[in-house]
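**Q** Protein chains in written order, with this note's numbering: chain A, 1 to 343; chain B, 1 to 260.
If you're looking for bench data, these hints aren't it; they were derived computationally from the structure.
Please read these numbers as outputs of a predicted model, since none were measured by experiment.
The beta-carbon is built from N, C-alpha and C at its ideal position, and this holds for glycine as well.
Heads up, a few of these hints could be off.
Pair by pair, the computed Cβ-Cβ distance ranges are [to be verified]:
1. A:Glu24 x B:Leu89: 45 to 55 Å
2. A:Glu56 x B:Val251: 56 to 66 Å
3. B:Leu92 x A:Glu24: 26 to 36 Å
4. A:Ala50 x B:Leu67: 25 to 35 Å
5. B:Leu25 x A:Asn12: 20 to 30 Å
6. A:Gln295 x B:Ala88: 55 to 65 Å
7. A:Gly127 x B:Leu89: 49 to 59 Å
8. A:Asp17 x B:Val85: 33 to 43 Å
9. A:Phe14 x B:Pro9: 29 to 39 Å
10. B:Leu92 x A:Ala50: 53 to 63 Å
11. B:Leu89 x A:Phe14: 33 to 43 Å
12. A:Gly127 x B:Leu228: 46 to 56 Å
13. A:Arg69 x B:Thr81: 25 to 35 Å
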Amino acid sequence: MSLHAEVVVRRNGFALDVRLDVDEGETVAVLGPNGAGKTTLLRALAGLIAIEGRVELDGEVLDDSKAGRHVPTERRRVGLVFQDHVLFPHMSVLHNVAFGLRGDSMRKARDWLGRAGLLEMADRMPGELSGGQAQRVALIRTLATQPRLLLLDEPLSALDVSVRAETRRELSRRLAAFEGVRILVTHDPLEAIALADRLVVMEQGKVVQQGTPADVTARPRSRFVADLAGVNLLRGRAHHDHVELDGGGTLAAPDAGEGEVLAVIHPRAVALYLARPEGTPRNVWRATAEELDLQGDRVRVRLGGTVPLVAEVTPGAVRDLHLDRGAEVWAAVKATEISVYRA
Amino acid sequence: MSQARIPGPLLALAAAGLLLFLVPLAALIVRAPWDQVGPELVAPETTTALGLSLFCSLSATALALILGVPLALLLSRTTGTVRAVLRALTTLPMVLPPVVGGVALLLAFGRRGLAGAPLYTAFGIQIPFSTAAAVIAETFVAMPFLVIAVEGGLRALDHRYEESARALGAGAWKVFARVTLPLLRPAIFSGAVLCWARALGEFGATITFAGNLPGRTQTVPLAVYVALETKPEGAIVLSLILLAVSLAILVGLRDRWLGA
């Protein structure tokens with residue numbers, strides 16, 4: 001079972017143009033900022049909106065705009081799980097689960113609820129469930145119809161932090177046991193990395209990067225991904241041993257190659273000094289501390305200046321350097337700490 | 001933060017406006033022949049008119065439900081010019097003088113009417129001046145209230161419920177019957193009550209299209225109008241009943257419709 005989709009949706013000046021191939025047993029997480037078109041992509045795959053292009057699932061053509069073919073949602077055998085459960089409020093949990101089942105639906109629904117350990121909630125109404133319970137029921141309701149394609153739209157983001165981790169673990173188990181094609185839309189990198197085999201990053205209706213979570217976070221191709229990975233991303237033109245940065249300034253980096261490149265610098269590789277440091281580091285810039293943010297046992301310092309960077313230092317260093325908003329410092333990065341790759 | 005003070009003259013005008021509502025209602029209650037309410041209530045003319053009013057208004061509400069809910073669904077699914085035309089058509093009876101509605105119905109379903117003539121020649125059916133005509137007149141005038149309420153409910157509905165149902169394999173009919181309709185229940189209920197209230201008070205279209213035949217088309221508002229000439233105390237008692245019904249509806253729908 002696999003999915004091959006070429007989806008083009010144009011409306012109100014927004015254009016979605018995505019090619020997506022997902023193999024059997026693979027979980028793909030579609031990541032991207034708000035307005036990137038993630039939900040539109042899901043709705044297109046579910047058959048809820050008309051598209052140009054072609055969608056093929058398990059050898060069956062679900063959409064082919066050239067041939068005028070469109071299989072309506074109810075005949076696609078797709079499972080759709082929304083951010084907030086969308087359980088039918090006027091039906092009990094049991095009737096919600098039985099809704100999509102045929103033939104002896106009540107017994108089957110009971111079986112599904114029993115296997116999920118949710119049987120004691122069978123007679124409750126959705127309004128009487130907690131957010132986490134409701135989302136678990138919604139997932140069971142969808143899985144019970146045995147869809148070939150499972151589409152999850154931010155399935156955890158409406159949940160309290162306290163139940164999110166537990167629900168994520170359960171979701172992870174269920175995804176592993178599910179045999180169809182799995183696509184998860186999220187803006188939470190942790191959710192994506194925990195649940196997905198492959199990340200597909202979308203921006204402004206296009207796929208800008210895809211790969212395993214490790215690949216994507218190691219070599220971000222956009223500010224969005226760099227922010228997700230928590231690293232500094234600089235863009236420029238390489239000349240053998242240095243990079244002329246697009247925003248001004250020069251970055252010394254051995255074996256930078258030639259041409260348009262991206263450079264990643266981990267915030268921990270950015271060292272801060274009160275006076276211009278002597279010695280090895282060749283990348284030294286004057287900078288102003290613009291914002292300080294305590295995260296765990298480290299302090300993230302946003303630096304302004306020729307080369308905008310984020311540095312991560314210890315609270316001790318903040319004290320020693322008298323760092324505060326507006327403080328003038330020197331930022332230094334060792335050339336060997338910079339990873340440069342083709343844009 | 002306090003609100004701006006209302007200027008004195010405006011306050012006086014507002015009070016005058018309130019009095020315009022209050023004085024007639026008070027007069028109805030003060031001048032009611034309370035000792036005759038009992039006998040008048042059980043008088044045959046009263047019970048006949050009341051029974052007929054109840055039958056006609058409930059039939060009109062049922063007819064409005066059967067026709068109006070699908071119409072609201074159609075309205076909510078169309079866009080652009082089609083929608084504008086459909087909306088204008090369904091809301092027109094709300095602003096049209098009921099007498100004009102009655103004349104139009106007569107021209108449509110009268111014995112020589114656009115639809116009435118073939119009905120008469122083919123089946124011998126005559127609609128005007130029958131109880132059926134009273135029901136049709138009331139439906140014509142009252143159905144827009146239901147359609148507007150249900151369409152509002154449809155527009156406020158979270159369409160992901162219907163999308164979820166479709167993804168779970170439900171066809172169009174199952175989605176409507178098991179998801180859309182139950183979720184619309186509050187809107188349908190308040191729309192039906194408003195529709196019923198409007199039908200109960202219908203006068204102009206009924207008297208024009210159905211006439212004023214006691215026992216067949218003379219509903220309570222028509223009986224009030226006739227009784228005012230011959231037996232004013234009977235007219236007042238019937239008016240009190242309609243007032244009581246209106247107040248009951250107002251109180252009953254307070255939270256659902258008029259509040260918030």
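**Q** Give a verdict on every hint.
**A** To see whether the hints hold, each was checked on the structure:
no., hint, verdict
1, A:Glu24 x B:Leu89: 45 to 55 Å, "holds (53 Å)"
2, A:Glu56 x B:Val251: 56 to 66 Å, "holds (60 Å)"
3, B:Leu92 x A:Glu24: 26 to 36 Å, "violated (58 Å)"
4, A:Ala50 x B:Leu67: 25 to 35 Å, "holds (31 Å)"
5, B:Leu25 x A:Asn12: 20 to 30 Å, "violated (52 Å)"
6, A:Gln295 x B:Ala88: 55 to 65 Å, "holds (60 Å)"
7, A:Gly127 x B:Leu89: 49 to 59 Å, "violated (38 Å)"
8, A:Asp17 x B:Val85: 33 to 43 Å, "holds (36 Å)"
9, A:Phe14 x B:Pro9: 29 to 39 Å, "violated (53 Å)"
10, B:Leu92 x A:Ala50: 53 to 63 Å, "violated (34 Å)"
11, B:Leu89 x A:Phe14: 33 to 43 Å, "holds (34 Å)"
12, A:Gly127 x B:Leu228: 46 to 56 Å, "holds (52 Å)"
13, A:Arg69 x B:Thr81: 25 to 35 Å, "holds (29 Å)"
Figure legend: structure checked against the earlier numbered hints; hints not met, in rising order: 3, 5, 7, 9, 10.
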